[in-house]
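Peer 1: Start from chain A and add chain B according to the hints.
The chain contents come next:
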Amino acid sequence: SQQGEEDPQALSIQEGENATMNCSYKTSINNLQWYRQNSGRGLVHLILIRSNEREKHSGRLRVTLDTSKKSSSLLITASRAADTASYFCGEGGSYIPTFGRGTSLIVHP
Amino acid sequence: ETGVTQSPTHLIKTRGQQVTLRCSSQSGHNTVSWYQQALGQGPQFIFQYYREEENGRGNFPPRFSGLQFPNYSSELNVNALELDDSALYLCASRFSAGATEAFFGQGTRLTVV
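Sequence order for the protein chains is A and B. Using this note's numbering, you'd call the opening residue of the first sequence number 1 and step up by one each time. Using this note's numbering, you'd call the opening residue of the second sequence number 1001 and step up by one each time.
So that you can see chain A by itself, here it is in the shape it has in the complex:
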């Protein structure tokens, strides 16, 4: 299994703005997953995108996947203070998610 690496490490925005975070990985994947972690808590599954998909939406979340560049992005539109959390991408090819350091998102009210 391999790690995803998220970028940027930290992101600070105002409520209502969009937040974009990126993930890069090194080898082929079957799917890529995004998780959210509130401070010191467990991870919550947000969305999964399969290797044959290029874009996926779920509510205010939009995920893209570019397998040629081995990268994915997570867009949160119209952010809210409650979106403040760390976001991780995980490669699911081996069905054992492994994670990078995450992007720490702070949304100011």
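Hints listed in this document are in silico derivations from the structure and should not be mistaken for laboratory results.
Simulated restraints, written as ranges between beta carbons of each label pair: (1) A:H108 / B:E1052: 43 to 49 Å; (2) B:G1098 / A:N38: 27 to 33 Å; (3) B:F1069 / A:P109: 44 to 50 Å; (4) B:F1095 / A:R101: 27 to 33 Å; (5) B:P1070 / A:R41: 25 to 31 Å; (6) B:T1020 / A:T64: 38 to 44 Å; (7) A:A78 / B:N1079: 46 to 52 Å; (8) A:R50 / B:R1057: 24 to 30 Å; (9) A:S68 / B:P1070: 43 to 49 Å; (10) B:I1012 / A:N38: 20 to 26 Å.
Pulled from the structure, derived: some chain A residues nowhere near chain B, Cβ distances all over 10 Å: (11) S12; (12) I13; (13) Q14; (14) A19; (15) E53; (16) E55; (17) G59; (18) L61; (19) R62; (20) T64; (21) D66; (22) S71; (23) I106; (24) V107.
Only a predicted model underlies this, so the values are computations on that prediction, with no experimental measurement involved. Cβ coordinates follow ideal geometry from the N, Cα and C atoms, glycine included.
Peer 2: Using the frame of chain A, we list chain B on its own:
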């Protein structure tokens, strides 16, 4: 709520001691993974159990061991605790080894002094 519970929530141990952390998975989830998350880092995969057998392991020494029981509960045991073992320990269960979505517990915060 994910239906995965961990106990205890916080724990302080002394270097050299042994510790057992517990996880109760969702009913029917036969796969459980354990992760270590140091402060400011992402979760690092320790090992995975499928139907009570270890079927995957990360880069952790043998003093990290586990058990999975038929009642969907599991344990992580750490012997000879070191200061660097201080971290948040997370368990995550899945419906099967091939399932893509993992359900995480809230974690156990272990401090080794």
